[in-house]
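Generate the whole structure from the sequences, applying the supplied hints.
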Amino acid sequence: MGGFDDEMAHHYEAEDIDDEENTLQNRDPEERQQIEEEIEDLLETVPQLAEDYRILDQLGTGTFSSVYKAIDLKYQQMDNSPWHGNHPPESSAHYQSIPLTSRAYVAIKRIYVTSSPERIRNEISILEDCRGCRHVSQLITAFRERDQVVVVMPYQRNVDFREYYLDLTFPLIKDYFRCLFRALRDVHARHIVHRDVKPANFLFDPKTGVGTLCDFGLASRIDYYAFTGQCNHTSPTSTNPQPRIKIPDELNVELIQTMQRDARKRSQWPADRVGSLTHDPRPHSKANRAGTRGFRAPEVLLKCNEQTGAIDIWAAGIILLFFLCGRFPMFQSADDVEALLEIATIIGRKEMEHRVIITNIPSLQTQGVTWSDFCRRPNPDISTSSPPALDLMLDLASRLLDPDCTRRYSARDALSHPWLLEGQANDDEYFPHPFGEGSCGHLHFRDIVTDEPCAIVNGCTVKLLAGEGIAIGNLPCNVHKTVNW
Amino acid sequence: MALVQRLPLAPRSNLPPNKLIKRPRSPTSPEKPISTKRAKTLQTPISLNTATYATIFPTPTAAIPSTVPISQEKQKKREIREAQQEEFRNKYTKAFPNWHFYFDTTQEVKDAFLPRIGEFGGHHATFFSGQTTHVIVMHRPDNSNKENATTSTRRGAPKNPFKASKVIGDPQLVAKATEMNMKVWDVAKLDSVLSRITTQPVSPAPPPPPAPRLLQQHIEAERRFGVSERDPYSRRPDFDYFEKNSCFILVEDMTGQFAPIASKEYPTEKKNGKVVGDWPVLYLDPRSRSPFIQYNEKEERKRQKAEKAEQERRTREAIQRKHKALQRQKMNLRRSMSMANIAKKQEEFDELPPLNADSGSQAASGYIAASGNSVAVASTTGTTSTMGLIGRGSSLPAALKGQIRAEVPVARNLADVPHRVLRKSKSTNTMRLPRREEDSKPGFCESCRHKFECFKMHVKGKRHQRFAQNDANFLRLDVVLARVARRTLDQAQRDQAAIYSAGHDRYEGDVLDHGFHDGEDDDENDANQDEDEEQEESDENSESSAMDEDGGEEDGDDDGEEDEDGILEDQNDW
Chain A
1 MGGFDDEMAH HYEAEDIDDE ENTLQNRDPE ERQQIEEEIE DLLETVPQLA
51 EDYRILDQLG TGTFSSVYKA IDLKYQQMDN SPWHGNHPPE SSAHYQSIPL
101 TSRAYVAIKR IYVTSSPERI RNEISILEDC RGCRHVSQLI TAFRERDQVV
151 VVMPYQRNVD FREYYLDLTF PLIKDYFRCL FRALRDVHAR HIVHRDVKPA
201 NFLFDPKTGV GTLCDFGLAS RIDYYAFTGQ CNHTSPTSTN PQPRIKIPDE
251 LNVELIQTMQ RDARKRSQWP ADRVGSLTHD PRPHSKANRA GTRGFRAPEV
301 LLKCNEQTGA IDIWAAGIIL LFFLCGRFPM FQSADDVEAL LEIATIIGRK
351 EMEHRVIITN IPSLQTQGVT WSDFCRRPNP DISTSSPPAL DLMLDLASRL
401 LDPDCTRRYS ARDALSHPWL LEGQANDDEY FPHPFGEGSC GHLHFRDIVT
451 DEPCAIVNGC TVKLLAGEGI AIGNLPCNVH KTVNW
Chain B
1 MALVQRLPLA PRSNLPPNKL IKRPRSPTSP EKPISTKRAK TLQTPISLNT
51 ATYATIFPTP TAAIPSTVPI SQEKQKKREI REAQQEEFRN KYTKAFPNWH
101 FYFDTTQEVK DAFLPRIGEF GGHHATFFSG QTTHVIVMHR PDNSNKENAT
151 TSTRRGAPKN PFKASKVIGD PQLVAKATEM NMKVWDVAKL DSVLSRITTQ
201 PVSPAPPPPP APRLLQQHIE AERRFGVSER DPYSRRPDFD YFEKNSCFIL
251 VEDMTGQFAP IASKEYPTEK KNGKVVGDWP VLYLDPRSRS PFIQYNEKEE
301 RKRQKAEKAE QERRTREAIQ RKHKALQRQK MNLRRSMSMA NIAKKQEEFD
351 ELPPLNADSG SQAASGYIAA SGNSVAVAST TGTTSTMGLI GRGSSLPAAL
401 KGQIRAEVPV ARNLADVPHR VLRKSKSTNT MRLPRREEDS KPGFCESCRH
451 KFECFKMHVK GKRHQRFAQN DANFLRLDVV LARVARRTLD QAQRDQAAIY
501 SAGHDRYEGD VLDHGFHDGE DDDENDANQD EDEEQEESDE NSESSAMDED
551 GGEEDGDDDG EEDEDGILED QNDW
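Protein chains in written order, with the UniProt record's numbering: chain A, 1 to 485; chain B, 1 to 574.
None of these hints come from the bench; they were simulated from the model.
A hint or two may mislead.
Only pairs whose alpha carbons sit at most 25 Å apart, straight line, appear in this in silico PhoX-like list of lysine-lysine [claimed, not checked]:
(1) B:Lys244 with B:Lys274
(2) B:Lys308 with B:Lys298
(3) A:Lys265 with B:Lys441
(4) B:Lys271 with B:Lys305
(5) B:Lys441 with B:Lys462
(6) B:Lys91 with B:Lys183
(7) B:Lys322 with B:Lys308
(8) B:Lys271 with B:Lys302
(9) B:Lys91 with B:Lys110
(10) A:Lys286 with B:Lys110
(11) B:Lys274 with A:Lys265
(12) B:Lys460 with B:Lys441
(13) B:Lys183 with B:Lys110
(14) A:Lys265 with B:Lys244
(15) B:Lys451 with A:Lys286
Which chain B residues face chain A? A few, computed with CB under 7 Å, are given here [as the list claims (entries may be wrong)]:
(16) Phe128
(17) Met180
(18) Lys183
(19) Lys244
(20) Glu252
(21) Ile261
(22) Ser290
(23) Pro291
(24) Phe292
(25) Met457
(26) Val459
(27) Phe474
(28) Ala482
(29) Arg486
(30) Arg487
For clarity, every value in this text was computed on a predicted model and none was experimentally measured.
Positions of the beta carbon are idealized from the N, C-alpha and C atoms, including for glycine.
Put into structure tokens, the structure is as follows:
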């Protein structure tokens, strides 16, 4: 029987591939024509694309780019090791490292020419640094024809979130989040924040349980130097990225209490007595708010300017809520202030009080509901008898959605949470270290002038490509594994 | 500004007219001998200013015989210290009204200090002139000025946000100021002087350190909300107020350094004696599509509509799938699994070995084999539940609800699975894509910093083409692109060979591999280099993050419509 199953599976694999090639033919004629025109336009703009790739279909369009499916015609002639990485067979990301024997499908991202070169440079250099990250869309290459830049990444088969979020089984939900948190762990370890974690940017294939974090168009590097310590948590640093709440000695407790008292008093006043300076001479808090409404963490909405990977963790927590509540989308806000109000009505206004909040909106309670109640109350059935995993999932949700970014779980914490850890080896074993870290980290450095990654091999300096020289777990990197150093 | 005329909190009585002094100086008379050595023996823990203070007011503390019991000695020291502080305070408060401060700092720093200087009658020199007595810089570039010699060195971990700044005073200005005998103080020095003359006369219990900060906050608060004597409840002409009877939210920054963070108001209505408005309310109604939606007739209609659409879609897909399957003649479906059976399987899911993403589809098939059926992956097919909202009658979480009621053709092997996953309109492959409107849409070009009405017109236009054709505009991008260019296997093999030959040469040339040592050195140098580069990088990022501000991808997740306001706000930033 097993043999037959395997055969069938294999058969279908081949058929899937046919499917992949012919998706455009399955579209309705009007849409098909439109996409064909766009492909033609792309090939006209970037003629060298045709040498290496055969564009098949469009995968999606966004605010800043559109993405096409293509076959990489030169895959077999190219050195693919830098983006394949070196994930061991036990790692969930091993599939990323397996050289393709059949057709190599790729996703070609056409970044709209109205994006500034600097924004594009930021995205590509971040993708370059994310080579070797698990479950992160890998940069194969990128090139430019005049103002048109295209980025080539492996194609990841996926299904639209709306199609499966109600029906995904517990084990697959678990896979979903294992992949997501491994991706976030690896990205955050590189001091990069994705900023736009949401189902549309996490390509998940329910058939295989494999997910891939993509679209780093809004990603940014954590700018530890810009942190000034004005929040009531300590500034994260590159060596200690998780901030903590300041101890009373460091905080002006008296001031905070005065301000909070004052705010509560003013909240009672009639609306026409509460106001602020028409022309406030003070600067506006400059906080990066790039991202998607509904997924923005409280500290983003409150314009804290010391944001870290914790904002991605919040967004991941929101995705977990979709599964738990069986609702998507869930937030309705029309703007950021309303988004803040939505969160405040759930968690209670007290949890938001590291800013001064003056409000008389009746739906805002001082104490909110727990995330567990938030998920259970609209689903009365689950409260009566719930599988053990559900309690663990609710527990994890409350830790991912901690309004206080200093207490919120890190991606690594999430991976060691009982729900996700169950049956898994310690994630550290498969963690791809950032370049220059790990067991052979001391033998790696970046060229002073060109910023290229280098390695010391037998006392000689060797130039590497981004993605090479990544140490995994306790093991040395691929360069130092094969060479006797 | 009003607060300059306010009565100072600290006593400023019996000020001498100071007519004689043309350009007032620091109270330290130059002829007083200054002994840093002796001063150092005075080990008072008064934070920042100990050194300065001791330098300016050398005391005979050192002469106290060491035989004196410690507590006594301490007591004495404290008395002396307090006396000194008192003296310091008197001298500086007297001198302050004659001083003119010129700020070579950021605007925020200036704004923060001006009220404090005004407090003691000091003046703000808008322009650098002969009248200026003190030049305030972010950091002292060197120790040329004697008075500053001991203060300019960095002290401990800065609590003061100003100190995080890397800005150093304009060297020309500093030189000029020194030449003209002006005092050049850094921000820390000014802060410490102000703090020390601000504190109330020292009582036996030392004042808590946040006191000066509190005062500053107080002044700031007054600037915003009016002098505390004034009734804060009364309306001010320079304020914007919320509409009468509205419901509002105003979010302010705790430190008072920033303008209000957010504000919004909602008009209200009275319905059945209850105040209602459009603000978010948490209903958590099991029958609604969202926890923020109230369940009513309208919502019920929407829900039914959605249910119908979903049902139709699923039926349509089922037919398509069936059709396809028949066509392919690859049927191995076992359609006869009973509902009860499926439901039972659901309970087991949690006990099943977790499906590891490990080796992709192989792991998946392994898992299916273990479970004995493929409900896990085949589950959505033919599900009749709608958005999964109503009457999901089992005790399972939402995620599993659909499966139970699903009339799933369940197969034993993977055969029918791809159909589900890859079936039309399910996979993003074949999903109907929203028509790309980029071509005709108005927008903003970051490269040209230009708002356009039509994408196509703009990018083909002269202005944009001039930008596009100039490689210089893409220099930094090209550096990155060069690094990620593909290399052929041949090239790679040549490079690889170079690695090995490098290693080989080394072995041949030298038996003892001291290269390792070199490597470590290199590494260290490089670590520093990395740091510098990171800094450079981050400076740029701050630029780009300003650019990013609000530039987010604002696909509202409910309707997929693009949110314009983000982009518009973005434009305002330019």
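Quick rundown of the hints versus the structure:
1. Restraint check for B:Lys244 and B:Lys274: satisfied, since their Cα atoms lie roughly 17 Å apart, inside the 25 Å limit.
2. For the hint linking B:Lys308 to B:Lys298, the alpha-carbon distance of about 15 Å falls within 25 Å, and the restraint holds.
3. For a cut-off of 25 Å, the pair hint linking A:Lys265 to B:Lys441 is broken: about 48 Å separates their Cα positions.
4. A distance of roughly 29 Å separates the Cα atoms of B:Lys271 and B:Lys305; the hinted pair therefore is violated under the 25 Å criterion.
5. The hinted pair formed by B:Lys441 and B:Lys462 meets the criterion: a straight-line CA distance of about 19 Å does not exceed 25 Å.
6. With a CA separation close to 16 Å, the supplied pair B:Lys91 and B:Lys183 stays within the 25 Å bound.
7. The suggested pairing of B:Lys322 with B:Lys308 holds, with an alpha-carbon distance near 21 Å, which does not exceed 25 Å.
8. For a cut-off of 25 Å, the pair hint linking B:Lys271 to B:Lys302 stands: about 24 Å separates their Cα positions.
9. Between B:Lys91 and B:Lys110, the direct Cα distance comes to roughly 24 Å. Compliance with the 25 Å bound is thereby established for this hinted pair.
10. For the hint pairing A:Lys286 with B:Lys110, the CA-to-CA distance comes to about 19 Å; that is within 25 Å, so the pair holds.
11. A hinted pair counts as satisfied when its Cα atoms are at most 25 Å apart, and B:Lys274 with A:Lys265 qualifies at roughly 22 Å.
12. At roughly 14 Å between alpha-carbon atoms, B:Lys460 and B:Lys441 fall within 25 Å of each other, so this suggested pair holds.
13. Proximity of B:Lys183 to B:Lys110 is assessed by CA-CA distance (about 17 Å); at most 25 Å being required, the pair is judged to hold.
14. Pair hint A:Lys265 plus B:Lys244 holds up; C-alpha atoms about 17 Å apart against a cutoff of 25 Å.
15. A threshold of 25 Å between alpha carbons decides the hint, and for B:Lys451 with A:Lys286 the separation of about 23 Å falls inside it, so the pair holds.
16. The closest approach between the C-beta of B:Phe128 and any C-beta of chain A is roughly 22 Å, which is over the 7 Å cut-off, so the hint fails.
17. Hint status for B:Met180: violated, given a least beta-carbon distance of 31 Å to chain A, over 7 Å.
18. Evaluation of the B:Lys183 hint against chain A yields a violated restraint, the C-beta minimum of about 27 Å exceeding 7 Å.
19. At about 4 Å, the closest approach between the beta carbon of B:Lys244 and any beta carbon in chain A falls short of 7 Å, and the interface hint on this residue holds.
20. At its closest, the beta carbon of B:Glu252 sits 4 Å from a beta carbon of chain A; the interface hint therefore holds under the 7 Å criterion.
21. A least Cβ separation of about 5 Å between B:Ile261 and chain A falls short of the 7 Å threshold, and the interface hint therefore holds.
22. Given the 7 Å rule on beta carbons, the hint for B:Ser290 holds: about 5 Å separates it from the nearest Cβ of chain A.
23. Checking B:Pro291 against chain A by beta carbon gives a least distance of about 6 Å; that is within 7 Å, so the hint holds.
24. For B:Phe292, the suggested interface contact is upheld, since its CB lies about 5 Å from the closest CB of chain A, less than 7 Å.
25. Against a cut-off of 7 Å between C-beta atoms, the interface hint on B:Met457 is violated, since the closest Cβ of chain A lies about 12 Å away.
26. Residue-level restraint check for B:Val459 holds (minimum Cβ-Cβ distance to chain A is 5 Å; threshold 7 Å).
27. At a threshold of 7 Å, the smallest CB-CB gap from B:Phe474 to chain A is about 5 Å, leaving the interface hint in force.
28. A distance limit of 7 Å between C-beta atoms decides the matter here; for B:Ala482 the minimum to chain A is near 9 Å, and the interface restraint is violated.
29. Restraint check, B:Arg486 versus chain A: the minimum CB separation of about 5 Å is within 7 Å; hint holds.
30. Hint on B:Arg487 holds. Least Cβ distance to chain A is approximately 5 Å, under the 7 Å limit.
In summary, the structure is inconsistent with hints 3, 4, 16, 17, 18, 25, 28 from the numbered list given earlier, while agreeing with the others.
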